[in-house]
Amino acid sequence: GAGVSQSPSNKVTEKGKDVELRCDPISGHTALYWYRQRLGQGLEFLIYFQGNSAPDKSGLPSDRFSAERTGESVSTLTIQRTQQEDSAVYLCASSLGYSGSFNEQYFGPGTRLTVT
Amino acid sequence: AQTVTQSQPEMSVQEAETVTLSCTYDTSESDYYLFWYKQPPSRQMILVIRQEAYKQQNATENRFSVNFQKAAKSFSLKISDSQLGDAAMYFCAYRSVQGAQKLVFGQGTRLTINP
Chain A
1 GAGVSQSPSN
11 KVTEKGKDVE
21 LRCDPISGHT
31 ALYWYRQRLG
41 QGLEFLIYFQ
51 GNSAPDKSGL
61 PSDRFSAERT
71 GESVSTLTIQ
81 RTQQEDSAVY
91 LCASSLGYSG
101 SFNEQYFGPG
111 TRLTVT
Chain B
1 AQTVTQSQPE
11 MSVQEAETVT
21 LSCTYDTSES
31 DYYLFWYKQP
41 PSRQMILVIR
51 QEAYKQQNAT
61 ENRFSVNFQK
71 AAKSFSLKIS
81 DSQLGDAAMY
91 FCAYRSVQGA
101 QKLVFGQGTR
111 LTINP
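Residue numbers (my numbering), protein chains in the order written: chain A, 1 to 116; chain B, 1 to 115.
These aren't lab readings, by the way, just hints derived from the structure by calculation. Cβ atoms here follow ideal geometry from the backbone N, Cα and C, with glycine treated the same way. One or more hints might be untrue.
Okay, the calculated beta carbon distance ranges per label pair [to be verified]: (1) A:57 <-> B:57: 19 to 27 angstroms; (2) A:8 <-> B:14: 37 to 45 angstroms; (3) B:70 <-> A:87: 36 to 44 angstroms.
Sample of chain B residues lacking proximity to chain A, with all beta carbon distances greater than 10 angstroms (derived) [what the hints assert, rightly or not]: (4) 25; (5) 42; (6) 64; (7) 107.
Reference listing, derived: stretches of chain A covered by chain B, where coverage requires no fewer than 3 residues with Cβ under 8 angstroms from a Cβ of chain B [claimed, not checked]: (8) 62–69; (9) 87–97.
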C-alpha cells in the first residue's frame with residue numbers, strides 16, 4: 001500500500017516568508033509526528049497528533065511554528081516569517097498510535113527547506 | 001528527559017566484514033523501546049531492528065543484531081557480512097512505552113562500506 005507522502009520535496013524560500021509543508025499519512029494511522037533534521041544532525045521531535053488533537057507540542061521551537069491535522073488525515077506544518085536557522089529537512093511519520101504497544105513509525109521522504 | 005548518544009560520527013568497514021555501532025542512552029524509566037534506523041541518501045528512514053527493554057534476549061534480524069545492556073544503558077548494533085547497500089546514516093532511537101510517543105534520536109553514525 002501507499003506509504004507516507006510529503007510535499008513539496010524541496011522548498012526554497014526567502015527569509016521572512018511563510019511556508020506550508022504537507023504530510024499525507026498511511027491510511028488508518030491515527031498518530032502523526034513531525035520531526036526536524038538539521039544538516040548532519042539527528043531528528044528532533046516537533047509535534048505529535050493523535051487524531052486531530054495534539055497532546056504533545058513540546059518540540060515546536062517557537063510560536064512561528066504551528067501545525068494542524070484534519071481528522072485522521074493530512075497534516076500541515078506552517079512556519080511563519082522564516083529564518084535561515086529554519087533550513088532543515090522536515091520529516092513526517094505516522095503510526096497506528098496505540099500507547100503501550102509497539103507501533104512502528106513509518107516515515108515519509110521529507111521536505112528539504114532552504115531559507116535564503 | 002531521555003537522551004541518546006552516538007559517539008561515533010563515522011565508521012567504515014570492508015565489504016563482508018563485521019562492524020559494530022555504539023549507542024548509549026539515559027532514562028529513569030524501567031520499560032521502553034530502543035530502535036536502530038537506517039537513513040540512506042534518499043532521506044527515507046528505515047527501521048532496522050527494535051528491542052523492548054523488558055526482554056533480556058537480544059534482538060536479531062538477519063545480518064543485524066543488537067547487544068542490549070540494560071544496566072549499562074547501552075544498545076549497540078552489529079552488522080555482519082557488510083554489504084555495499086548497508087552504507088547509510090544509522091540512528092539509534094528511544095521511545096517510552098507509556099505517555100510520550102515521540103522518538104528521541106542520537107546524532108547518527110555515517111557508515112561507509114569499502115569494496
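The hints, checked one at a time:
no.	hint	result
1	A:57 <-> B:57: 19 to 27 angstroms	violated (37 angstroms)
2	A:8 <-> B:14: 37 to 45 angstroms	holds (39 angstroms)
3	B:70 <-> A:87: 36 to 44 angstroms	holds (38 angstroms)
4	25	holds (12 angstroms)
5	42	violated (7 angstroms)
6	64	holds (16 angstroms)
7	107	violated (5 angstroms)
8	62–69	violated (count 0)
9	87–97	holds (count 5)
Checked against the numbered hints listed earlier, the structure breaks hints 1, 5, 7 and 8; every other hint is satisfied.
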